[in-house]
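Please put together the full structure from these sequences, using the hints given.
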Amino acid sequence: MGVSGFVGVISFHDGWDVSKMLRYALPVLRHRGNDTAWAALLSNDNKFVIQEVKEDGNIPSGWAGLLCLYTNNASRGLVKCGNTDIAYCIEGIVVKPMELCRLVNGDGEALAYTSLVALTSGGELIAYRPITGLRNLVLGAYGFDLAMISNESSTINALGGEVRLFIEPGSIVRASKLNLSVSKIAGNARSKLCVMEFIYLSRPDSEVDGHPVYEFRRALARRLALRLAKWVDVDVVIGMPETGIIYGIKAAETLRKPFEYALLNIERRRSALKDDLLDKVSSVHLKLSPVISAIRGRRVLLVDDSLLTGISIKEASQALRHRAGAREVHVAIASPRIIRSCPYGIDMPPDNQLLANAFSNYADAQRVLEVDSLTWLSLDDLYATANEAGIDGDHLCTYCLRGDKHELDL
Amino acid sequence: MIRSKVLIVGDGAREHAIATRLSLSVHEPRISALVTHENPGIRRIVERSGGELVKSGLDPRGLVSAVNRVNPDLVIIGPEEPQFAGVADKAAELGVPTFGVPRSLAMIEQSKAFARALMWKYRIPGRIAFRAFRDINEALQYISNAGSVAIKPARQSGGKGVRVFWDRLAYLRDGINEAKVSQVFAVSRDMATYDDIDARIVVEEAVTGVEYTVQVISDGKSIIALPPIQDNPHVFDYDVGPECGGMGAIVGPGPSLPFLTQEEYEESVEITRKSLEALQRETGVKYVGVLGGQFMLTTYGPTLIEYYSRFGDPEALNALAMLNDDLLEMMEAAVDGRLSSIKYSFKRNAVAISKAVAPMGYPHNRDLARGRSITIDMDGIRKLGCEVYLGSVIEEGGLYKTLGSRAVEVLAVGSTYRETYEKIENCITHIKSPDWQLIHRRDIGSRELIEKRIKDAEHIRTVYRWRRDHGLGRVRIDWVPGGEITIYDYT
Chain U
1 MGVSGFVGVI
11 SFHDGWDVSK
21 MLRYALPVLR
31 HRGNDTAWAA
41 LLSNDNKFVI
51 QEVKEDGNIP
61 SGWAGLLCLY
71 TNNASRGLVK
81 CGNTDIAYCI
91 EGIVVKPMEL
101 CRLVNGDGEA
111 LAYTSLVALT
121 SGGELIAYRP
131 ITGLRNLVLG
141 AYGFDLAMIS
151 NESSTINALG
161 GEVRLFIEPG
171 SIVRASKLNL
181 SVSKIAGNAR
191 SKLCVMEFIY
201 LSRPDSEVDG
211 HPVYEFRRAL
221 ARRLALRLAK
231 WVDVDVVIGM
241 PETGIIYGIK
251 AAETLRKPFE
261 YALLNIERRR
271 SALKDDLLDK
281 VSSVHLKLSP
291 VISAIRGRRV
301 LLVDDSLLTG
311 ISIKEASQAL
321 RHRAGAREVH
331 VAIASPRIIR
341 SCPYGIDMPP
351 DNQLLANAFS
361 NYADAQRVLE
371 VDSLTWLSLD
381 DLYATANEAG
391 IDGDHLCTYC
401 LRGDKHELDL
Chain A
1 MIRSKVLIVG
11 DGAREHAIAT
21 RLSLSVHEPR
31 ISALVTHENP
41 GIRRIVERSG
51 GELVKSGLDP
61 RGLVSAVNRV
71 NPDLVIIGPE
81 EPQFAGVADK
91 AAELGVPTFG
101 VPRSLAMIEQ
111 SKAFARALMW
121 KYRIPGRIAF
131 RAFRDINEAL
141 QYISNAGSVA
151 IKPARQSGGK
161 GVRVFWDRLA
171 YLRDGINEAK
181 VSQVFAVSRD
191 MATYDDIDAR
201 IVVEEAVTGV
211 EYTVQVISDG
221 KSIIALPPIQ
231 DNPHVFDYDV
241 GPECGGMGAI
251 VGPGPSLPFL
261 TQEEYEESVE
271 ITRKSLEALQ
281 RETGVKYVGV
291 LGGQFMLTTY
301 GPTLIEYYSR
311 FGDPEALNAL
321 AMLNDDLLEM
331 MEAAVDGRLS
341 SIKYSFKRNA
351 VAISKAVAPM
361 GYPHNRDLAR
371 GRSITIDMDG
381 IRKLGCEVYL
391 GSVIEEGGLY
401 KTLGSRAVEV
411 LAVGSTYRET
421 YEKIENCITH
431 IKSPDWQLIH
441 RRDIGSRELI
451 EKRIKDAEHI
461 RTVYRWRRDH
471 GLGRVRIDWV
481 PGGEITIYDY
491 T
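First to last, the protein sequences are chains U and A.
Under our numbering, the first residue of the first sequence is numbered 1, with each subsequent residue one higher.
Under our numbering, the first residue of the second sequence is numbered 1, with each subsequent residue one higher.
To be clear, the hints were calculated from the coordinates, so they are not data collected in a lab.
Note that CB positions come from ideal geometry on N, CA and C, so glycine has one too.
Hints are supplied without guarantee of correctness; some may be wrong.
[Stated by the list, open to error] Distance windows between CB atoms, simulated:
1. U:Glu388 <-> A:Pro258: 23 to 31 Å
2. U:Asp380 <-> A:Ile454: 32 to 40 Å
3. A:Gln280 <-> U:Thr84: 31 to 39 Å
4. A:Gln437 <-> U:Leu379: 31 to 39 Å
In structure tokens, the structure reads:
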């Protein structure tokens with residue numbers, strides 16, 4: 001299983017080399033994968049040219065193409081389905097390539113936890129959103145010339161296009177020079193949006209089914225701050241780079257405390273998606289350069305989007321207290337306690353490595369993290385935020401946040 | 001005087017719709033048609049009314065033979081090409097009153113450069129900046145630094161071939177410039193086959209916004225403005241895919257569109273009227289026929305994209321559906337120069353949706369789209385209350401055979417968008433192909449698309465109103481830091 005960021009582009013007129021656009025999808029989607037992207041381009045005689053792409057690396061030319069970044073190498077590949085070659089990128093639970101063949105040929109089971117973007121050697125761009133709705137999919141266009149499909153709407157905008165449709169769960173999109181169709185696959189389509197997309201996974205300039213991610217985060221931060229105001233008093237608010245910054249700024253606004261840009265990224269990497277512990281700690285250290293003058297002697301509130309193992313927070317609290325001389329370090333997390341690893345395709349450490357699971361007692365968790373206080377958002381606050389955003393609580397997948405033993409109805 | 005013998009020139013769904021409407025006239029005209037292919041719908045109307053179907057080129061020679069055979073009192077020209085070819089000129093020469101314009105006036109559609117130059121010369125509002133080129137190298141040199149542009153064939157070529165290149169993100173310019181270059185070559189290649197106008201390539205400043213069509217009927221002195229109609233130029237759903245002749249159009253409720261204000265409509269009618277006057281002054285010829293303005297609500301306000309010297313297709317279907325009056329009487333009044341004295345009205349609360357059904361392959365792979373079979377369950381469609389107009393099809397062995405362009409156009413009229421949308425979609429399920437895939441746009445007329453148009457229009461309205469309030473309504477100022485300041489004055 002694994003998170004990935006993908007985009008497919010097809011041109012309707014001759015004269016396009018879509019690789020020139022696709023290279024700018026790489027920085028847009030980097031937060032959903034590791035450092036290497038994978039690109040599959042279709043040449044004018046409909047042969048695939050496939051290449052792994054590092055930053056600023058060249059992407060082969062083509063009139064149509066795919067690009068993806070991923071946490072799991074099995075999330076992309078090339079498969080022969082009958083006489084047709086199919087290059088694909090998937091997100092969510094990894095399925096066998098033959099299942100993708102069946103899906104693409106229209107005779108497969110509707111997949112529940114896997115989204116797909118694929119390009120065929122017949123020149124068809126195909127994308128699928130799982131019937132659960134857990135993974136996202138959006139269709140865009142550039143003038144009369146290009147169609148684009150991605151799992152982040154901001155990719156469409158970064159490639160110069162305009163969002164035209166948020167694809168519904170259980171729908172398959174087929175675009176070629178001859179036709180474009182969006183059709184539902186038989187199966188019980190439900191709309192369960194992944195709460196983690198809103199909390200930290202998606203870019204804040206994306207929309208999920210038309211719901212702006214930024215607005216959701218702003219509302220979470222506000223509710224978190226209202227909760228905090230009752231028992232925590234601080235001098236300054238700091239956001240954990242990168243995704244915690246918005247929450248920090250918005251929480252500070254509500255608390256009427258100054259926000260200080262006091263933890264700086266040295267290099268931008270996503271730490272939560274790293275498997276190896278040392279890699280993870282390295283990534284954490286690369287985003288924790290403290291601005292000592294803004295911290296020394298102050299009571300600091302550190303805000304982050306989520307807390308899985310707690311490694312980042314612990315490193316940050318130590319950087320703030322030991323190195324920068326904060327007088328108090330309070331921590332606030334803009335998501336409810338994450339207590340179960342996601343079985344539906346989002347990379348998370350196993351249950352026993354989740355801090356909220358290992359230390360169900362708040363006091364213990366605070367001692368482990370060496371913080372003066374630790375505040376999570378409540379599940380009720382999360383649902384209230386969703387409601388505010390026009391998302392029914394039933395349409396939000398919160399499996400990872402729920403302590404009850406019931407499996408979700410997926 | 002009521003003319004009882006009418007000759008329609010043209011063989012598409014638009015001409016089928018016009019013929020149908022004329023056949024409903026209380027004056028029971030005898031309807032004949034000059035066609036290149038035997039449109040089965042037009043043929044049936046011709047036969048029923050006791051007219052004749054004359055198969056020939058839609059050109060002056062064809063007209064002469066048709067006039068000799070049917071001796072019409074009135075010629076009505078549907079499409080643009082016969083006008084470019086001088087059919088109306090020939091009709092005038094033969095002394096037959098004609099609804100449809102001669103070559104000199106049809107130039108407003110035939111040459112995009114002429115239309116734009118006319119608007120600049122007479123300082124008609126709704127203009128945008130443009131350049132026309134004959135030399136391909138000059139065009140190539142110009143586009144590389146021109147920013148966001150639409151690159152069009154300088155001559156009307158059946159609604160195909162326009163491409164818009166947004167250049168808002170400078171980092172994407174390499175890929176976009178390559179595509180621009182390919183379009184210049186493609187247009188230049190297509191235009192090399194025409195020798196009836198000078199320029200080959202028109203490059204215009206690209207504008208974004210919500211499109212709509214304003215059509216007026218003119219008798220050379222006054223005009224009747226038809227309701228605003230929205231056509232949908234992208235061939236695929238959700239406004240994706242190449243530009244084509246139009247996949248469907250909406251109007252309503254009543255003579256309005258949900259996303260256009262009355263002020264904007266009136267401003268557009270005014271632009272069209274001024275253009276028509278300028279055109280008549282320029283040529284010294286009276287404009288008798290339809291002038292259609294393809295507009296876009298842009299950051300300048302109502303902006304002219306291009307003119308049509310005839311009814312739009314499929315917009316004609318929607319316009320005629322909204323008209324309460326006898327079309328023959330109206331066309332008579334136009335050729336007699338007494339439009340200002342006739343009474344007319346439009347349906348107050350109706351909604352009309354038209355949709356084109358085309359064989360897959362339309363518009364750019366017509367070889368694939370040609371020679372496919374279509375069956376139409378007319379009874380089923382009639383029961384649902386839609387009208388069917390045949391376009392690019394012939395009848396062969398009890399089946400309709402496609403010729404490659406839009407095969408069938410369906411029209412539904414109702415009292416709400418929801419009702420009308422459901423009706424037309426149900427009707428289209430009765431149109432099938434046993435051997436090929438047919439395409440049509442499901443999204444036209446849907447609540448989702450109309451809501452999107454309203455949202456887009458509101459967004460653009462806020463911008464153009466701000467610009468007008470700040471003295472920028474008719475001005476664009478380009479400044480290259482450290483370099484020159486260019487002021488485009490649209491007043």
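Going down the list of hints, with the structure as the test:
1. U:Glu388 <-> A:Pro258: 23 to 31 Å: holds (28 Å)
2. U:Asp380 <-> A:Ile454: 32 to 40 Å: Given a distance of about 36 Å, which is inside 32 to 40 Å, the answer is holds.
3. A:Gln280 <-> U:Thr84: 31 to 39 Å: violated (59 Å)
4. A:Gln437 <-> U:Leu379: 31 to 39 Å: Since the Cβ atoms of A:Gln437 and U:Leu379 sit about 49 Å apart, the hinted range of 31 to 39 Å is violated.
When each numbered hint is compared with the structure, violations occur for hints 3 and 4.
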